[in-house]
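No gaps in the numbering here: position 121 of the sequence shown is 121 in my numbering, and each next residue is one more.
It is worth saying that the hints were derived from the structure and are not from the lab.
Keep in mind the model is a prediction, meaning the values are calculated, not measured.
Every residue gets a Cβ at the ideal spot worked out from N, C-alpha and C, and that includes glycine.
What follows is a list of derived Cβ distance ranges for each label pair:
1) E78 <-> R200: 40 to 50 Å
2) R58 <-> A83: 32 to 42 Å
3) R58 <-> F174: 18 to 28 Å
4) G21 <-> R87: 18 to 28 Å
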Amino acid sequence: MPAAVVFDCFDTLVLSGPLPGPETFTACLADVLALDRRCAGEVVHTVFTAVFAAMSDRSALQPPTMGLLDAALRERSEPRDKADLERALWHALGCADPGRYALCEPAADAMRRTAAAGHTVRVMSNCYLPGDLMRRLMRELKVPEVYDRTLFTADGGPKKPDPRAFRLIAEGDFERRVMVGDSEEIDIAPAAALGWDTVRVDPSGPDLTELLALLEL
Numbered sequence: 001m002p003a004a005v006v007f008d009c010f011d012t013l014v015l016s017g018p019l020p021g022p023e024t025f026t027a028c029l030a031d032v033l034a035l036d037r038r039c040a041g042e043v044v045h046t047v048f049t050a051v052f053a054a055m056s057d058r059s060a061l062q063p064p065t066m067g068l069l070d071a072a073l074r075e076r077s078e079p080r081d082k083a084d085l086e087r088a089l090w091h092a093l094g095c096a097d098p099g100r101y102a103l104c105e106p107a108a109d110a111m112r113r114t115a116a117a118g119h120t121v122r123v124m125s126n127c128y129l130p131g132d133l134m135r136r137l138m139r140e141l142k143v144p145e146v147y148d149r150t151l152f153t154a155d156g157g158p159k160k161p162d163p164r165a166f167r168l169i170a171e172g173d174f175e176r177r178v179m180v181g182d183s184e185e186i187d188i189a190p191a192a193a194l195g196w197d198t199v200r201v202d203p204s205g206p207d208l209t210e211l212l213a214l215l216e217l
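Use the sequences and the hints to build the structure in full.
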C-alpha cells in the first residue's frame, strides 16, 4: 500500500546558510518598510522574543510570523499592508539573496521518484517564513511540485518535535509513514517514537539511497 512520505524542508530539500541575525533583520525592515531604525529594532525584538519563547518550549504552539509583525507595527502606529509585510520578510530572511538557498538535487530526485511510484509526498518545516512565501521560495528553487500538503509552522500551530505536528502532516489512511529529515532531535526521533520509518539526510553529503531502498524504488 502506498506510504505517506514527509520531507523536511531546510537542510533536506533546501540547503541554506545561517539565518540573518537581528541586526540584519532590523536593517532590512527599516529599509523595506520605511521605518526609523529604533522602531524597526523594537519590532524585531518583539517578534524574535515571541518566536524564540515558543521555540524553546517543545509543546508550545508557534505564533504566526505575519500576525506578530503586523501587531508589533500597529502597536507603534506604523501599520503596513500584507504585501509590504511579505516583501519585508522575503528580504529580511534572505530569500532575495543569490546563493542563500539552493535545491538539494538528490532529495528532489528522490521526491520525484517517490511520487511517481504512487506514494503520497508531503513537506513540513519549522520556519519563520509564512506558508505562501515558503511555497514561492520552493517554486523558485524548483522543488518538485509533487507534494499534496504542507505544514509550515510560521503560519501558527504545533511544530517539530511536537507529535501533533507529525500527526497533522500525515493525516490520512496510510499503513506506513516515513519521515525524511536532517535532524535526529526534531525530525527522526519524534517520528520514530510514533512508529514511522525514518531516513536521516546529511546536508553536507545528501544520500537518499536509504529512502529508495525502503520504498523498493
